[in-house]
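In case you want the letters, here they are:
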Amino acid sequence: MTASRVQFSGEQLAEVRRLQALYPDRRGALLPVLHMAQDAFGWVSLDVEEYVAELFDLSPAHVHEVVTFYTLYFRQPKGRHVVAVCHNLSCHLAGAKTILGHLKTRLGVEVGATTPDGRVTLLAVECLCACERAPMMQVDDRYELDLTPEKVDRILEGLR
Amino acid sequence: MTGERILMRNFDRPDSHTLAAYRATGGYAAWAKAQGMEPAAITEEVKASNLRGLGGAGFPTGTKWSFIPKGHTGPVYLVINADEGEPGTFKDRYLLERDPHALLEGMLIAARAIRAATGFVYIRGEYVEPWRRFDAAVREAYDAGYLGKGFDVVVHRGAGAYICGEETGLISSLEGKKGWPKVKPPFPAIKGAFGMPTIVNNVETISHVPHIIDRGGAWFAALGTRTQGGTRMFSVSGRVARPGVYEASVAITLRQLIDDLAGGVTGNGRLKGVVPGGSSAPILRADEIDVTMDVDGLRNAGTMAGSAGVVVMDETVSIPEALLVVARFYAHESCGQCTPCRESTGWIYKMVRRIVEGRGRKEDLDTILDVARRGAGTTICAFYDGAVGPYLSYIEKFRDEFEALIAK
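If you're matching them up, the sequences are chains A and B in order.
Those letters in the first sequence? Residues 84 to 243, per the working numbering, in order.
Those letters in the second sequence? Residues 130 to 537, per the working numbering, in order.
For the record, the hints were derived by calculation from the structure and aren't laboratory data.
On a predicted model such as this, the values are computed, not experimentally measured, just so you know.
There's no promise every hint is true.
[Stated by the list, open to error] Keeping only pairs whose Cα atoms sit at most 30 Å apart, straight-line, the calculated DSSO-like set for lysine-lysine is:
#, chain 1, residue 1, chain 2, residue 2
1, B, Lys278, B, Lys176
2, B, Lys320, B, Lys306
3, A, Lys161, A, Lys180
4, B, Lys526, B, Lys491
5, A, Lys234, A, Lys180
6, B, Lys311, B, Lys199
7, B, Lys176, A, Lys180
8, A, Lys161, A, Lys234
9, B, Lys199, B, Lys176
10, A, Lys180, B, Lys479
11, A, Lys187, A, Lys234
12, A, Lys180, B, Lys526
13, B, Lys306, A, Lys161
14, A, Lys187, B, Lys479
15, B, Lys311, B, Lys479
The whole structure should be built from the sequences, with the hints applied where relevant.
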């Protein structure tokens, strides 16, 4: 991605201004605008950080510090789908290790990696707070609950 | 013991998240009543209810509200902590998805009490569906004229960081920074979000407020124990027959919760240990569950009510493996600001890992206990103390399991 391509549309810029106006200090809108930027540009590159910094009149270093603090901003290209398996306590008790192992085998990648065809990025994450339906994972925006290896296979089938 | 469902009374209705359903079941009547009350009278009613913060700290809610400086003329902010992330807890997800207007009505009332014109709702970034549901409710409330007439609500999405559930870490994050907790004092009620007096309350805490105004503080207080009023939502998971969220009086015992509501222990059917208040709460043994689930009942039992996330482990569960999962979590989520927390969480995780992997050293257990104790109470926020709870309790109560792994 070249720097020149990092540019919100006019409509998106209007949304940035609207978000900034919601906060007593426009900087409050930094996290929401970073979410927007990730949706628009796919991931948060150093170029994206610089662009967002300009929109807030902040130093790129500050934006970098923020981006690297949070887990939901991707600092490298991600797959078309993100599969995030919870491996915290309740999911552990319900067999999260089996689910994660099954996904690694099926996808042929380790945790943190993306399949060579760019289809799926596999992550292991901390508690997503759906412990009553453990083991569970998040697939993009959706929570997938009460997982079994068979159910995982069906879910993977649906990811293109 | 389960009694009347208050927060969850509408959960079985498929349309419970809509304004129409909320109003049809008496919604926004408490707000109408509160508009006829002086702000101080609202706070007094909440004080009389013995409502205590249900996010984890258990601080008396009305007392917190009364810390807003008298005579302050600038803005005051109400911030809702919907950054649910305590392992074993899932109640706020239900409230956001199934009764978002209860939170909004509670916010309107709380905002009147503390004279706030703006409320921020900080929802964890992973909660996409809860965010959509809540955001839709906000739009309904604007269209119906509940919001926008002296009180506005901004829905703010987090970006993945457990520490932002700590109230000053949340404020840092809301201000567009990494979520580093702030040194207290000054407390947020004096100098909080954007430098202004701020009250940070949990979703469930504020969802109780309309009922307290509607039916009175004394009614709410009578539902609980002497020092904590009301019901609360218990998230029960792990090795039980019916994992789920259960609303009950805070005076319910842990045994009743596990056996009567959650259907009893599964696995081999025999309880080994249970975490009563989210992963930061020290573990209890099977012979320690005849305790009431209120803040003081669990404190007296050497643990804490926390977020009321109950995680049940039967005899087949390996406690060292469970601690490994918990220790990995704290090592991953330490924000890195304070040296004792940053260094100890990583070091302890490594030691627990090598014990579980059969490479433990004889001195490891005592080293973990020593490292854990030395750092306790030395950090800016409660995160590290929340890690020390499981480190110490898992090892002290189940030491033979760890020693068996080291001896191998």
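Item to check | Distance restraint between Lys306(B) and Lys161(A), which requires alpha-carbon spacing of 30 Å or less | outcome: With Cα atoms ~24 Å apart, Lys306(B) and Lys161(A) stay inside 30 Å; holds.
Item to check | Straight-line alpha-carbon gap Lys278(B) to Lys176(B), limit 30 Å | outcome: Roughly 27 Å between the alpha carbons, so the hint for Lys278(B) and Lys176(B) holds.
Item to check | Proposed proximity, Lys180(A) with Lys176(B) (alpha carbon, max 30 Å) | outcome: 46 Å, violated
Checklist entry - Can the restraint linking Lys187(A) and Lys479(B) be considered satisfied, given a maximum Cα separation of 30 Å? => result Between Lys187(A) and Lys479(B) the Cα gap is close to 24 Å, so the pair holds against 30 Å.
Next on the checklist: Hint check: Lys187(A) vs Lys234(A), CA-CA at most 30 Å. Holds or violated?
Outcome noted: 15 Å, holds
Checklist entry - Is the straight-line distance between the alpha-carbon of Lys320(B) and that of Lys306(B) 30 Å or less? => result 17 Å, holds
Next on the checklist: Hinted pair, alpha-carbon criterion (30 Å max): Lys161(A), Lys234(A). Please report holds or violated.
Outcome noted: 23 Å, holds
Checklist entry - Is the hinted pair Lys526(B) and Lys491(B) satisfied, with a Cα-Cα distance of at most 30 Å? => result With Cα atoms ~18 Å apart, Lys526(B) and Lys491(B) stay inside 30 Å; holds.
Next on the checklist: Can you confirm whether the C-alpha distance between Lys199(B) and Lys176(B) stays at or below 30 Å?
Outcome noted: 17 Å, holds
Item to check | Distance restraint between Lys311(B) and Lys199(B), which requires alpha-carbon spacing of 30 Å or less | outcome: The hint holds at about 23 Å.
Item to check | 30 Å limit on alpha-carbon distance, applied to hinted pair Lys234(A) and Lys180(A) | outcome: Holds: Lys234(A) and Lys180(A) sit about 15 Å apart, inside 30 Å.
Checklist entry - Going straight from one Cα to the other, do Lys311(B) and Lys479(B) come out at no more than 30 Å? => result Answer holds: Lys311(B) to Lys479(B) is near 28 Å, not above 30 Å.
Hint 7 from the list above is the single one not met by this structure.
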